Amino acid sequence: MATVTIQVNGRAVRAEKGEMLLAVLRREKIDIPATCNHEAVEAFGACRLCTVEITRDEWKGWKNYVTSCLYPVEAGLIVRTHSDTVIELRRTLLDLQLARHPRTPLIQQMAAEYGVLKTSYEEAPDGDDCILCALCTRVCDAMGFRAISTVGRGHGKRVAPPLDQPPPDCVGCLACAQICPTGFITYKEFGAGREIWGKQFQMVTCTRCGAPTITREFADNLAARREIPREYFDVCDACHRAELAGTMGRIAQWNREEAAR
Amino acid sequence: MNSRLVVRPNLCIGCRTCELACSFTHSADGKPGRSRIFMLDGGHEKLWVTVTCLQCDDPACVKSCLVGALRRNEQTGAIELNQETCVKCMACVAACPFGCAILDHTHDRVVKCDLCGGDPACARFCPTKALDYRPIAQAAKKAG
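Note that the protein sequences, when read in sequence, are chains A and E.
The letter at position 2 of the first sequence is residue 218 when you use my numbering, and the numbering goes up by one with no holes.
The letter at position 59 of the second sequence is residue 1071 when you use my numbering, and the numbering goes up by one with no holes.
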């Protein structure tokens, strides 16, 4: 990897050649809005909010607008992150998002930051909180389960398990719900059980204290795929610590007795 | 990796200063974080054991992480959790056989000991040197 120098808002910035522009801008503590970006998954370019203006000296004044999450850095790049056109672009995007998700706090807040307090388009009467960032499906793919996916196209596009049935490949890890930026994906937890995507799971319960940890499916999957002894999952973290303290205590006590002798 | 955090239960007086040092070192948004070090009952009279991440050679937490959020910092030898990558699936919390990856409820994040980037606050504040961060050659000699 070679280090290159680019210009960001009139300032020289060092970056690794080939890394994505958004990562560089975030490292420079420049506030770039984005709803579909997360370090656990590859960049996707769904929300378009991280769009910035780029140019180069040899372009003789021509400019281009690119999603910074998908643009690899190269030497001589000249970037403006908050030019009038960029702000106008982001405002239009947020205006459209606000029309489709009028009651979503994240969108309301991001739009308000760009001065859009009310959408100039017709509000969707059935606007839900799913902004189709696909973080949930991408993180599920990245973790190797591929239990959910986007289905349909255009207006009908949504996230769902296959055939809207409880997904057979889901292990109930809740990564999709945790990564969802708007909290649209919901799950239920009851005692030693959990339900997500219409599928019910039994939790592994600590053999010492009975506390639930992760789902049985997830524990079995991790043990098999990552060669972790399955019995590691049978005890909760607090009881594991107590066990370690007991072992170290026995050794310390033995040392003490040896010293006294 | 030149130094190691040494725990000597026989010197511990059970004051929990290490837990406080940890909490305040890892505070965020003006709130102390959950301590990644635990002062526990050693099972004998006047015996306390501080339990914290052992930074295993073959770590179950790293193996269990399906998004690659846990990586060893080659400089300090500590396994560090990247909060930006973590998706809070709780795999590492469940997988660690010593219970040293934990959920910080206050900040809703998974946390584990990162040796404070090479200068662990718990060892710095320990009044009896029951916790000591020192070069490996020295640590091995004293322990042996």
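Hints listed in this document are in silico derivations from the structure and should not be mistaken for laboratory results.
Keep in mind the model is a prediction, meaning the values are calculated, not measured.
Yeah, the Cβ is synthetic: ideal placement off N, Cα and C, and Gly gets one too.
Treat the hints with care, as some may be off.
[As the list claims (entries may be wrong)] Here chain E is said to cover these stretches of chain A; the calculated rule only asks that three of the stretch's residues, wherever they fall, bring their Cβ under 8 Å from a Cβ of chain E:
no. : segment
1   : 230 to 237
2   : 272 to 286
[To be verified] The list that follows gives simulated cross-link-like pairs (lysine-lysine, DSS-like), each with its CA atoms no further than 25 Å apart:
no. : chain 1 : residue 1 : chain 2 : residue 2
3   : A       : 233       : A       : 279
4   : A       : 404       : E       : 1100
5   : E       : 1141      : E       : 1075
6   : A       : 415       : E       : 1100
7   : A       : 415       : A       : 404
8   : E       : 1141      : E       : 1058
9   : A       : 245       : A       : 276
10  : A       : 233       : A       : 276
11  : A       : 245       : E       : 1043
Cross-check of the supplied hints:
1. With a cut-off of 8 Å between beta carbons, the segment 230 to 237 of chain A has 0 residues touching chain E; three or more are needed, and the interface restraint is violated.
2. A stretch counts as covered by a chain when three or more of its residues have a beta carbon under 8 Å from one of that chain; for the segment 272 to 286 of chain A and chain E the count is 0, and the coverage is violated.
3. A C-alpha spacing of about 21 Å is found between residue 233 of chain A and residue 279 of chain A, which places the hinted pair at or below 25 Å, so the restraint holds.
4. A hinted pair counts as satisfied when its Cα atoms are at most 25 Å apart, and residue 404 of chain A with residue 1100 of chain E qualifies at roughly 16 Å.
5. Between residue 1141 of chain E and residue 1075 of chain E, the direct Cα distance comes to roughly 33 Å. Violation of the 25 Å bound is thereby established for this hinted pair.
6. As the CA atoms of residue 415 of chain A and residue 1100 of chain E are separated by approximately 20 Å, the hinted pair is consistent with the 25 Å bound.
7. This hinted pair checks out: residue 415 of chain A and residue 404 of chain A have alpha carbons roughly 10 Å apart, not beyond 25 Å.
8. Between residue 1141 of chain E and residue 1058 of chain E, the direct Cα distance comes to roughly 17 Å. Compliance with the 25 Å bound is thereby established for this hinted pair.
9. In summary, the hint linking residue 245 of chain A to residue 276 of chain A is not supported, as the alpha carbons are separated by about 29 Å, beyond the 25 Å threshold.
10. Pair hint residue 233 of chain A plus residue 276 of chain A holds up; C-alpha atoms about 23 Å apart against a cutoff of 25 Å.
11. Between residue 245 of chain A and residue 1043 of chain E, the direct Cα distance comes to roughly 23 Å. Compliance with the 25 Å bound is thereby established for this hinted pair.
The structure shown violates the earlier hints numbered 1, 2, 5, 9.
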